[in-house]
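Novice: Use these hints to put chain B onto chain A, whose structure you have.
Line order of the protein sequences matches chains A and B.
Under the numbering used here, think of the first position of the first sequence as 1, with each following residue one higher.
Under the numbering used here, think of the first position of the second sequence as 1, with each following residue one higher.
Mixed in with the good hints there might be a few duds.
Said to hold, decoys possible - Derived contacts from chain B toward chain A, CB cut-off under 8 Å, selection only:
(1) 21
(2) 22
(3) 23
(4) 56
(5) 96
Read the hints as simulated data drawn from the structure, not as lab findings.
Note that beta-carbon positions come from the ideal geometry of N, C-alpha and C, so glycine has one too.
The residues making up each chain are set out below.
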Amino acid sequence: MKEISIEADVRNLSTLLSFIADELDNAECTKKGQMRIAIAAEELFVNIASYAYKDRKGTCTVRVDACKEEAKAILTFIDEGEAYNLLEKQNPDVTLSAEDRPIGGLGIYIVKKSMDEVSYKREEGRNIVTIVYSWE
Amino acid sequence: MTINKTQNGNELRIALAGRLDTTTAPQLDEEIQALEGVEKLIFDFQELLYISSAGLRVLLAAQKKMNKQGSMVIQNVCDDIMEIFEVTGFIDILTIE
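One chain only, chain A, in its complex shape (with noise of 0.2 Å):
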């Protein structure tokens, strides 16, 4: 297991992903799996940097868990800013036309849509994402 702590920026997307790659290769995930879940990644940071914190500047935790014998990655996310349940935020409507359909809200939805587990907890005044993906 292996972590990253950086400033929820999002100027640190690319460094955030390029960690996160690195472990995934080491774990010899899928070409699909690793555009998965860099794909939810790069969701889950920038919702952090963009809101986490409001105006003050934080930290975003990210450790990566990535078993090639299991072929499977369990990351998580840690913030320390405001109380944030991705899950309870409502699915946007997929059916809707381009003209009834908002732009935005799709980041979280991809992120459920296609990680096999994501579930968040509230701990010490910290938001715990951690989505589980296997790429088998």
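Specialist: For chain B alone, coordinates are given in the frame of chain A:
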């Protein structure tokens, strides 16, 4: 991300190469703001490797705009990106050739 534009009368072809994500989507958004006189917008995704929801938002904005002034199609979408279109329901909003 590289954006290659080719205009032929009122037809505009935009070829994207690289990644359409949170950091690069604003580049494309700028192009979408300048579509006056375009009646057919063609996106070529041959060299596009990755798209995240930031990219989908820009595509939706482009689709809404083109619905009023003409048409928009997306060509050469790779399997991974097609899957994202399916999961998000964008496959029904976008015209994919």
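Novice: Determine for every hint whether it applies to the structure shown.
Specialist: Hint check:
no.	hint	in the structure
1	21	holds (6 Å)
2	22	holds (5 Å)
3	23	holds (6 Å)
4	56	holds (6 Å)
5	96	violated (14 Å)
The structure is inconsistent with hint 5 alone, although it conforms to all the rest.
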